[in-house]
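Asker: The listed protein sequences derive, respectively, from chains S and A. Here the first sequence is numbered in this note's numbering, starting from 3 and rising by one per residue. Here the second sequence is numbered in this note's numbering, starting from 663 and rising by one per residue.
Derived from the structure by calculation, the hints contain no laboratory data. The beta carbon of each residue, even a glycine, is placed where N, CA and C say it ideally should be. Hints should not be assumed to be uniformly reliable.
Unchecked claim - Pairs of lysine-lysine, BS3-like flavour, derived with a Cα cap of 25 Å:
1) A:K735 x S:K422
2) S:K208 x A:K735
3) S:K208 x S:K344
4) S:K202 x A:K735
5) S:K342 x S:K208
6) S:K422 x S:K208
7) A:K720 x S:K422
What the hints assert, rightly or not - Covered by chain A, according to a simulated footprint, are these stretches of chain S (three or more residues, beta-carbon under 8 Å):
8) 86–98
9) 426–438
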Amino acid sequence: MGNNLDALTTIFTEFYYWLTVALMFLIHVGFCMYEVGASRRRNHMHTLLKNSMLIPLVTITFFFFGWWIYWAFPNGPFITGGIEWEAANANSPVSDIMGTNLSDRITGVFWAAFLLFSWTAASIVSGSVIERINSGAFWILAVLIGSGAWIIDAAWGWHYQGWMVQLLGYHDAYASGVIHAVAGGFALGVLVVLGPRLGKFAADGKPRDILPHNPWLVCIGLFLIYTGFWGFYVACNVPLISPEGIGGNITGETWTATTIYLTPTTLGAITFNFLMSLSGGMMMGYFVSRGNAFWTYSGGLAGIITASAGNDLYHPIQAMIIGGVGTYLAYKLHYWVENKFKIDDAVGAVAVHGYAGFIGLVICGFVLWGHPSSPYDGYAAINPLGNFIGAIIMFGVLGFLPGYIASKILHAFGLLRIPKEVELMGLDFGTALEEEAAAREVREAEIAMANGK
Amino acid sequence: MNTTGISSWAVDLADVGAIYPFQGLELILLIIALVFWIWWHIVTFRMEFDRQDEKIRKYGNSEHITQAIENDK
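Please construct the entire structure, taking both the sequences and the accompanying hints into account.
Answerer: So, in structure tokens, the structure goes:
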């Protein structure tokens with residue numbers, strides 16, 4: 003911070019990312035409310051803790067190795083180059099910038115912004131597997147997606163020199179694929195092995211509705227996710243950078259906000275498009291579900307997620323239409339997959355995040371066809387094939403496969419699913435009875451004291 | 663004794679980098695943290711299974727299970 007302008011830019015950037023982290027906390031609050039609301043009463047506390055404990059576990063593992071992965075693997079490795087040792091070592095858990103350091107004020111907040119994305123990825127999976135997974139198994143899966151799979155895909159497709167950006171022209175500015183498709187795909191991989199909740203399907207295979215115990219809590223949870231999503235969007239940008247700082251083909255001296263690829267955009271653009279895609283999704287969600295509150299709110303989320311890949315550039319009306327299309331398809335796919343493959347996705351996470359994210363990437367490839375994916379020479383332009391391949395990598399290769407394989411391993415060791423008796427009685431049942439007995443004992447003792455005994 | 667490397671603030675901040683205590687021991691800290699992390703997973707897995715076994719033993723009969731399901735309204 004050699005002069006006042008440098009100082010202002012640095013402190014602005016530090017504060018900017020810090021603020022995104024505080025906002026993104028609300029995503030997690032929302033996920034917890036939504037999950038607890040969707041679970042039945044006898045599973046509340048277990049459901050809440052299962053999700054909440056991913057916070058510390060993903061945080062520490064993201065510090066131990068997740069952040070290192072992001073900086074180490076933008077080249078694959080061995081696709082466009084080797085491991086980026088210099089950048090990776092600078093961001094390793096033993097580097098002196100990963101602590102209180104007056105010469106680096108940005109790494110901590112930038113790390114935290116990525117970390118909150120990691121929580122989101124793991125939390126997406128959490129909702130779909132409620133009421134029948136062992137918490138310990140889920141926490142291992144949470145670390146795998148939160149500090150492993152998603153951050154590898156971020157290095158590949160959400161890094162200014164990621165190999166997918168260079169070779170495929172992959173474009174995913176606000177993480178349709180790198181967070182949502184990967185987490186949705188991962189959740190599907192887990193669900194295939196985990197199986198449905200007891201009673202979800204009738205003997206003839208017909209799905210039954212397991213209703214949320216508190217639809218109000220579910221909807222407010224989704225509302226809170228919208229709120230936190232603002233932080234998520236803003237965190238995807240570099241807030242202020244000069245052409246010299248970018249070092250690419252941009253000429254002149256006009257500073258700008260950019261995407262993670264260092265391609266110019268504005269906060270105004272993403273504000274337009276966030277709101278319009280949310281609106282398109284909510285309207286379509288209401289229409290296609292015939293006014294179901296859960297799917298209306300989920301539709302808003304699916305709308306944003308579908309449009310996110312290109313929301314740095316879309317016209318707001320394009321964002322609205324794309325949000326609506328993604329929501330319609332995600333809703334239809336959810337029920338088709340449920341009926342056809344007997345997949346019990348308790349909160350529709352695979353649809354809202356996975357299918358909408360995948361569809362959003364494909365649409366983005368067409369709508370932004372030919373736009374430069376990077377300010378640097380030699381990168382492929384955005385194109386339909388590149389984004390389609392990218393969608394397969396996100397949903398299938400880095401999402402579904404790790405989720406499926408890890409779940410198979412956990413299942414083989416008998417660690418994945420809770421015993422049938424526990425599932426039937428509910429995960430909180432014994433504890434609730436014991437707490438009730440303890441409370442009764444205290445009341446009886448107090449009554450005895452009141453009667454002078 | 664000085665754990666942070668800073669004994670006075672009569673310095674040019676442009677020359678100051680890391681100021682957390684015990685610099686140079688980061689690798690040892692990391693190893694301790696990794697062991698704690700793995701230990702935590704193992705222990706909590708065991709706790710969870712023990713608790714499930716206990717619940718099945720105490721409440722796994724059809725009467726309690728029926729009660730749990732009927733009370734869940």
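Asker: With reference to the structure, classify each hint as holding or not holding.
Answerer: Here is what the structure says about each hint:
no., hint, result
1, A:K735 x S:K422, "20 Å, holds"
2, S:K208 x A:K735, "23 Å, holds"
3, S:K208 x S:K344, "9 Å, holds"
4, S:K202 x A:K735, "17 Å, holds"
5, S:K342 x S:K208, "10 Å, holds"
6, S:K422 x S:K208, "21 Å, holds"
7, A:K720 x S:K422, "15 Å, holds"
8, 86–98, "holds (count 4)"
9, 426–438, "holds (count 6)"
Taken one by one, the earlier hints all hold for this structure without exception.
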